[in-house]
Amino acid sequence: MKTKLSAQLKSLALAGMVAGLLAGCATSGNPKDPIEGFNRAVFAFNEGLDTAILKPVAQGYDAVLPSPVRTGVTNFFSNIEDVFIGVNNLLQGKIPQAFNDFGRVAINTTIGLLGVIDIASDAGLEKHDEDFGQTFGRWGVGNGAYVVLPLFGPRTARDTVGLILDSAVDPVREHKPRGTRDAAVVLRLVNKRANFLAADKVVEEAALDKYSYMRDAYLQRRRNLIHDGNPPREAEASIDGDMAPLAAPHDAGVEPRASIEAPAGGPVALHLARTEPVAASQ
Amino acid sequence: MKYLFALFSSLLLALPAAAQETSPDALIKTVTNEVLDIVRKDKEIQSGNTKKAIELIEGKVLPHFSFTRMTQLALARDWRQANAVQQKVLTDEFRMLMVRTYSKALTEYKNQSIDFKPYTGKAGETDARVRTEIKQSGAGKNIELDYYLEKTPGGWKVYDIEVGGISLVTNYRDSFAAEIRNNGIDGLVKSLQAKNKSGEATSVKK
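Going down the list, the sequences are from chains A and B. Just so you know, the numbering used here puts 309 at position 136 of the first sequence, and the rest follows in order with no gaps. Just so you know, the numbering used here puts 112 at position 111 of the second sequence, and the rest follows in order with no gaps.
Honestly, the hints are just simulated from the structure, not real lab data. Just so it is clear, CB atoms sit at the ideal spot from N, CA and C, and this is done for glycine as well. It is possible that some hints are incorrect.
Stated by the list, open to error - The calculated lysine-lysine pairs, modelled on DSSO-like cross-linking and capped at a C-alpha distance of 27 Å, are:
| # | chain 1 | residue 1 | chain 2 | residue 2 |
| --- | --- | --- | --- | --- |
| 1 | A | K374 | B | K191 |
| 2 | A | K349 | A | K205 |
| 3 | A | K365 | B | K158 |
| 4 | B | K42 | B | K111 |
| 5 | A | K374 | B | K30 |
| 6 | B | K52 | B | K118 |
| 7 | B | K118 | A | K228 |
| 8 | B | K158 | B | K53 |
| 9 | B | K52 | B | K196 |
| 10 | A | K374 | B | K111 |
| 11 | B | K136 | B | K111 |
| 12 | A | K205 | B | K53 |
| 13 | B | K118 | B | K89 |
| 14 | A | K383 | B | K191 |
| 15 | B | K123 | B | K89 |
| 16 | B | K111 | B | K30 |
| 17 | B | K89 | B | K42 |
| 18 | B | K136 | A | K228 |
| 19 | B | K196 | A | K383 |
| 20 | B | K44 | B | K61 |
| 21 | B | K123 | A | K365 |
| 22 | B | K30 | B | K89 |
| 23 | A | K383 | B | K53 |
| 24 | B | K61 | A | K374 |
| 25 | A | K374 | B | K53 |
| 26 | B | K42 | A | K374 |
| 27 | A | K383 | B | K111 |
| 28 | B | K123 | A | K383 |
| 29 | A | K374 | B | K136 |
| 30 | A | K228 | B | K111 |
| 31 | A | K374 | B | K152 |
| 32 | B | K123 | A | K374 |
| 33 | B | K152 | A | K383 |
| 34 | A | K383 | A | K205 |
| 35 | A | K374 | B | K196 |
Claimed, not checked - Derived Cβ-Cβ restraints for the label pairs, each shown as a range:
| # | chain 1 | residue 1 | chain 2 | residue 2 | range |
| --- | --- | --- | --- | --- | --- |
| 36 | B | G188 | A | P204 | 17 to 25 Å |
| 37 | A | P239 | B | G49 | 14 to 22 Å |
| 38 | A | D343 | B | E126 | 41 to 49 Å |
| 39 | B | K198 | A | L287 | 37 to 45 Å |
| 40 | A | V256 | B | R81 | 38 to 46 Å |
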């Protein structure tokens with residue numbers, strides 16, 4: 174695992190250097206996206222790869238397999254994910270959520286036949302979405318620059334580091350023998366892509382410029398996830414032309430959480446900051 | 002308390018004269034159920050007939066939307082740069098874009114059920130957030146679908162929709178701002194018109 178991690182770090186460091194070099198010539202007016210020129214190039218590359226290989230394969234997979242089978246595949250990998258979702262909830266100080274996640278794994282792995290049937294959700298143990306990038310966000314690490322990684326797609330600098338950790342502890346990639354592991358990694362990827370086919374069509378319909386639409390959606394989504402669905406409402410533009418902070422009437426009763434930009438406190442303070450409002454909002 | 006409130010709102014619903022006093026959560030619930038009932042029965046919409054989906058949305062959903070506010074939000078500080086005519090055109094084109102997107106989403110609807118979360122707004126407020134959740138059949142995390150509404154003389158109007166925390170309105174902010182920076186307000190109008198035209202072409206083909 175160590176050698177793999179360092180290899181991944183190396184290739185990312187290389188990607189970072191290339192990005193840095195290109196940043197000099199890239200022009201962008203968006204402070205969130207300082208290396209837009211580079212990102213657009215990688216985005217175009219990823220899109221090309223997707224159109225040529227991944228999407229057609231996913232469409233075939235979607236057409237051939239009956240929906241219950243696809244659900245089973247999704248559940249199987251989702252169950253494996255739940256282990257580190259629980260770990261990340263622990264790291265964020267969300268103890269009840271972590272127990273919920275470990276409970277899901279226990280139930281789904283046994284009664285749910287190795288995760289294929291998601292009995293835990295029916296039993297009221299809700300599925301969560303956590304990863305190391307979110308944990309860092311929770312701890313107060315800011316986004317950093319937006320970057321489109323080759324193959325992996327949109328990330329922020331922080332989430333790139335999160336991704337390295339996510340992959341390093343990924344049970345599917347640790348699996349032996351190699352043949353099964355590779356098959357599992359491909360199946361997971363194709364299945365995931367197939368799950369996005371419908372959303373894809375909506376994005377095509379909505380986006381004027383797919384690159385920036387995906388970027389801004391990614392950034393909004395991550396912000397929402399870090400705050401577990403209750404981010405402080407962003408400043409709203411008044412017609413006077415100022416970006417006046419909104420008096421936040423929507424959030425009545427929901428205290429703003431420790432924000433990503435304010436690192437003060439650490440995990441314990443963050444935990445304290447969020448116990449009450451979550452109970453109120455659920 | 003909740004029961005009292007439910008009783009209260011159902012009483013209001015029963016009185017046509019007071020129809021515009023409908024609470025925001027009741028409004029979202031009624032409209033959602035009404036639209037999904039139709040989609041569930043309509044084979045044409047299910048098989049991707051965007052035109053039919055658009056008709057449904059125009060009739061049932063749009064009366065409850067405030068497109069001027071939506072366009073203002075999407076344009077942010079650039080809204081004021083636009084003159085009255087441009088504001089009108091921008092609103093019309095943005096409305097069209099939203100309708101197309103929404104109707105596309107409807108044609109992809111696959112019998113997921115919608116959960117309505119308890120409404121936490123208080124009486125007398127003029128701004129509301131109604132939270133719902135799309136239950137994925139089988140696997141996956143539920144998708145949160147939140148509506149933001151403002152109270153107007155014509156009743157509650159939706160001015161923003163968030164899917165999984167992604168605002169369908171403010172997601173355009175940066176790209177609109179970039180377009181205006183490069184090509185001015187008219188540049189944005191043109192690219193919106195081009196986008197809507199191309200959407201029309203593909204939906205006719207299908």
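We went through each hint and held it up to the structure:
1. With a CA separation close to 23 Å, the supplied pair K374 (chain A) and K191 (chain B) stays within the 27 Å bound.
2. Taking the CA atoms of K349 (chain A) and K205 (chain A), the gap is about 41 Å. The hint is violated against a cut of 27 Å.
3. Restraint check for K365 (chain A) and K158 (chain B): the C-alpha separation of about 36 Å exceeds 27 Å, so the hint is violated.
4. Distance restraint check for K42 (chain B) and K111 (chain B): the Cα-Cα separation of roughly 12 Å lies within the 27 Å cut-off, and the hinted pair is therefore satisfied.
5. Between K374 (chain A) and K30 (chain B), the direct Cα distance comes to roughly 26 Å. Compliance with the 27 Å bound is thereby established for this hinted pair.
6. Restraint check for K52 (chain B) and K118 (chain B): not satisfied, since their Cα atoms lie roughly 31 Å apart, outside the 27 Å limit.
7. Annotation: proposed proximity of K118 (chain B) to K228 (chain A) is violated, straight-line Cα distance about 35 Å (limit 27 Å).
8. A C-alpha spacing of about 23 Å is found between K158 (chain B) and K53 (chain B), which places the hinted pair at or below 27 Å, so the restraint holds.
9. In summary, the hint linking K52 (chain B) to K196 (chain B) is supported, as the alpha carbons are separated by about 16 Å, within the 27 Å threshold.
10. Taking the CA atoms of K374 (chain A) and K111 (chain B), the gap is near 14 Å; set against the 27 Å cutoff, the hint holds.
11. A hinted pair counts as satisfied when its Cα atoms are at most 27 Å apart, and K136 (chain B) with K111 (chain B) qualifies at roughly 11 Å.
12. A threshold of 27 Å between alpha carbons decides the hint, and for K205 (chain A) with K53 (chain B) the separation of about 39 Å lies outside it, so the pair is violated.
13. With a C-alpha separation of about 35 Å, the suggested pairing of K118 (chain B) with K89 (chain B) is violated against the 27 Å cut-off.
14. Straight-line distance between C-alpha atoms of K383 (chain A) and K191 (chain B) comes to about 17 Å, which keeps the hinted pair within the 27 Å bound.
15. For the hint pairing K123 (chain B) with K89 (chain B), the CA-to-CA distance comes to about 34 Å; that exceeds 27 Å, so the pair is violated.
16. This hinted pair checks out: K111 (chain B) and K30 (chain B) have alpha carbons roughly 19 Å apart, not beyond 27 Å.
17. Of the pairs offered as hints, the one joining K89 (chain B) and K42 (chain B) is violated, with about 36 Å between alpha carbons and a cut-off of 27 Å exceeded.
18. For the hint pairing K136 (chain B) with K228 (chain A), the CA-to-CA distance comes to about 25 Å; that is within 27 Å, so the pair holds.
19. About 12 Å separates the Cα atoms of K196 (chain B) and K383 (chain A), which keeps this hinted pair within 27 Å; it holds.
20. In summary, the hint linking K44 (chain B) to K61 (chain B) is supported, as the alpha carbons are separated by about 18 Å, within the 27 Å threshold.
21. For the given pair, K123 (chain B) sits about 41 Å from K365 (chain A) by alpha-carbon distance, which is inconsistent with the 27 Å threshold.
22. With a C-alpha separation of about 30 Å, the suggested pair K30 (chain B) and K89 (chain B) falls outside the 27 Å cut-off, and the hint is violated.
23. Only pairs whose Cα atoms come within 27 Å are accepted, and K383 (chain A) paired with K53 (chain B) is accepted, the gap being roughly 26 Å.
24. Pair hint K61 (chain B) plus K374 (chain A) holds up; C-alpha atoms about 23 Å apart against a cutoff of 27 Å.
25. Distance hint between K374 (chain A) and K53 (chain B) is fulfilled; the C-alpha atoms sit about 17 Å from each other, no more than 27 Å.
26. In summary, the hint linking K42 (chain B) to K374 (chain A) is supported, as the alpha carbons are separated by about 22 Å, within the 27 Å threshold.
27. Distance restraint check for K383 (chain A) and K111 (chain B): the Cα-Cα separation of roughly 25 Å lies within the 27 Å cut-off, and the hinted pair is therefore satisfied.
28. Simply put, K123 (chain B) and K383 (chain A) have alpha-carbon atoms about 39 Å apart, too far for the 27 Å limit, and the pair is violated.
29. Distance check on the hinted pair: K374 (chain A) and K136 (chain B) sit about 20 Å apart at the alpha-carbon level, within 27 Å; holds.
30. Only pairs whose Cα atoms come within 27 Å are accepted, and K228 (chain A) paired with K111 (chain B) is accepted, the gap being roughly 20 Å.
31. For the proposed pair K374 (chain A) and K152 (chain B), the alpha carbon gap of about 33 Å is over 27 Å, so the pair is violated.
32. The suggested pairing of K123 (chain B) with K374 (chain A) is violated, with an alpha-carbon distance near 38 Å, which exceeds 27 Å.
33. Distance restraint check for K152 (chain B) and K383 (chain A): the Cα-Cα separation of roughly 33 Å exceeds the 27 Å cut-off, and the hinted pair is therefore not satisfied.
34. At most 27 Å may separate the alpha-carbon atoms for a hinted pair to count; K383 (chain A) and K205 (chain A) meet this at roughly 17 Å.
35. With a C-alpha separation of about 14 Å, the suggested pair K374 (chain A) and K196 (chain B) falls inside the 27 Å cut-off, and the hint holds.
36. Against the hinted window of 17 to 25 Å, the Cβ-Cβ separation of G188 (chain B) and P204 (chain A) comes to about 22 Å, which satisfies the hint.
37. At about 20 Å, the CB distance of P239 (chain A) to G49 (chain B) agrees with the hint of 14 to 22 Å.
38. At roughly 46 Å, the beta-carbon separation of D343 (chain A) and E126 (chain B) lies within the given 41 to 49 Å, and the hint holds.
39. Against the hinted window of 37 to 45 Å, the Cβ-Cβ separation of K198 (chain B) and L287 (chain A) comes to about 50 Å, which falls outside the hint.
40. Our hint of 38 to 46 Å for V256 (chain A) and R81 (chain B) is violated, since their Cβ atoms are close to 51 Å apart.
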